[in-house]
Amino acid sequence: MKNAGKVVIGVVIGFVIFFGFPFYYNIGKANVAPKLKYDTPAILQYEKEYGKKECVESKAFMSAEHMQLLNQWRDAVVRTGDRIYVNSRGESFHMSLQNTCLNCHSNKKEFCDKCHNYLAVNPYCFSCHIVPKEKQS
Amino acid sequence: MSINRRQFLRLAGVSTVLGVGGASVLSALTGKGEAVSQTTPHFTTDPKAITGKRWGFAIDVRKLKTDEEYQKCIKACNDIHNIPEFGNPKDEVKWIWKDTYEHTFPTVTEDKIMNKELKEKPFILLCNHCAQPACVRVCPTQATYKRKDGIVMQDMHRCIGCRFCMAACPFGARSFNYRDPRGKDANGMPFIKKENKEYPTRTIGVVEKCTLCYERLAVGLLPACAEASNGAIVFGDLEDPNSEVRKVIDANYTIRRKPELGTQPSIYYVIGGRE
Chain D
4 MKNAGKVVIG
14 VVIGFVIFFG
24 FPFYYNIGKA
34 NVAPKLKYDT
44 PAILQYEKEY
54 GKKECVESKA
64 FMSAEHMQLL
74 NQWRDAVVRT
84 GDRIYVNSRG
94 ESFHMSLQNT
104 CLNCHSNKKE
114 FCDKCHNYLA
124 VNPYCFSCHI
134 VPKEKQS
Chain X
5 MSINRRQFLR
15 LAGVSTVLGV
25 GGASVLSALT
35 GKGEAVSQTT
45 PHFTTDPKAI
55 TGKRWGFAID
65 VRKLKTDEEY
75 QKCIKACNDI
85 HNIPEFGNPK
95 DEVKWIWKDT
105 YEHTFPTVTE
115 DKIMNKELKE
125 KPFILLCNHC
135 AQPACVRVCP
145 TQATYKRKDG
155 IVMQDMHRCI
165 GCRFCMAACP
175 FGARSFNYRD
185 PRGKDANGMP
195 FIKKENKEYP
205 TRTIGVVEKC
215 TLCYERLAVG
225 LLPACAEASN
235 GAIVFGDLED
245 PNSEVRKVID
255 ANYTIRRKPE
265 LGTQPSIYYV
275 IGGRE
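Chains as they are written, first to last, in this note's numbering: chain D, 4 to 140; chain X, 5 to 279.
Derived from the structure by calculation, the hints contain no laboratory data. It cannot be assumed that every hint is accurate.
Stated by the list, open to error - Pair by pair, the computed Cβ-Cβ distance ranges are: (1) D:F129 x X:G235: 34 to 44 Å; (2) X:P194 x D:N120: 20 to 30 Å; (3) D:N120 x X:D244: 29 to 39 Å; (4) X:L22 x D:G8: 45 to 55 Å.
Everything numeric in this text was worked out from a predicted model, so none of it was measured. Think of the CB as a built atom: it goes at the ideal place given N, C-alpha and C, for glycine as much as any other residue.
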């Protein structure tokens with residue numbers, strides 16, 4: 004074992020190159036947040052009428068908390084029987100994933116799936132709730 | 005250098021107070037946790053909703069004369085609630101269905117001598133929305149529960165498919181999704197012929213049953229079967245002595261399915277009395 008030192012260094016370099024591959028291969032590529040589309044007919048119509056695009060709550064709240072909000076909506080509608088949601092702006096909405104949320108966001112593939120796939124989460128909302136028909140993209 | 009017990013306790017006390025106080029001062033400074041909105045978001049009931057204490061039906065089978073009249077009620081429900089047709093009685097999913105007198109009232113068939121017309125009359129069956137529901141008592145997840153308006157509700161989100169409720173229900177009103185209702189049969193035909201886009205389907209592995217059209221009551225509509233029955237199925241509040249359903253029950257002879265079990269069914273079958 005004359006060259007034990009060199010062999011060890013070689014093994015270490017090989018290890019770094021091989022196992023580090025996914026990291027430097029993806030530099031600059033990974034972690035690009037998905038761009039969601041807000042251009043469905045219903046949203047554009049809303050923008051035309053009210054001059055802005057807005058959801059039942061602020062965009063920051065919706066992207067961070069929509070799952071909690073949907074759970075609260077589900078419990079209110081199914082278990083308590085309350086169907087109207089009054090938001091922080093004082094506006095009323097009919098609480099329904101299928102008839103309210105998906106009415107505006109009728110592009111599940113470009114909206115729901117984009118983020119869910121990116122984050123590798125698989126909510127089972129749509130195994131029962133019917134998604135509007137959309138073009139294959 | 006070492007510290008004695010007194011010094012240690014003093015240090016610990018002071019740092020605890022500082023720590024707790026520090027956190028509250030910090031949150032007050034950043035202003036987090038204080039909503040800047042005018043309204044606190046909340047839930048309310050639709051003003052159009054029909055409310056009652058104990059919903060029930062009085063079903064006048066004498067007014068259902070032809071098979072078409074039965075099928076009209078059944079179809080109204082099936083179409084609205086996306087009921088799949090698997091084409092196999094073992095897998096059948098039913099919310100409202102038609103059956104014989106013997107099957108509807110199996111505990112009174114000992115009467116050998118009885119009215120032939122009644123004995124041969126088909127009956128329309130659905131969940132009895134019992135006042136003391138056996139299914140609710142056995143459900144381990146409270147997926148099925150009694151609402152304050154008397155509806156025995158089925159929360160498909162919470163159902164784990166254990167089928168205890170099916171074993172408990174004495175009326176066979178519950179169906180299990182042995183197959184995926186969104187699937188297709190051997191000929192490529194979907195099990196749900198025409199989807200109602202306003203109502204969800206169910207998924208494989210959950211139990212489902214009549215929900216007394218809670219989603220229609222919430223927006224001020226009558227249950228679909230009552231609406232389609234042309235007056236044969238009268239819907240109303242059994243606790244309200246002035247309700248239409250109570251007037252029908254007061255004026256006629258009615259029977260209920262298996263009342264001896266003590267579940268207090270809320271579906272009354274009109275078999276005699278004033279037309």
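Verification of the supplied hints:
Under the hint 34 to 44 Å, the C-beta atoms of F129 (chain D) and G235 (chain X), about 39 Å apart, fit the expected range. Checking the proposed 20 to 30 Å range against P194 (chain X) and N120 (chain D) shows it holds: the Cβ atoms sit about 26 Å from each other. As the Cβ distance of N120 (chain D) to D244 (chain X) is approximately 52 Å, the hint placing it in 29 to 39 Å is violated. Here the CB-CB span from L22 (chain X) to G8 (chain D) is close to 53 Å, well matched to the stated 45 to 55 Å.
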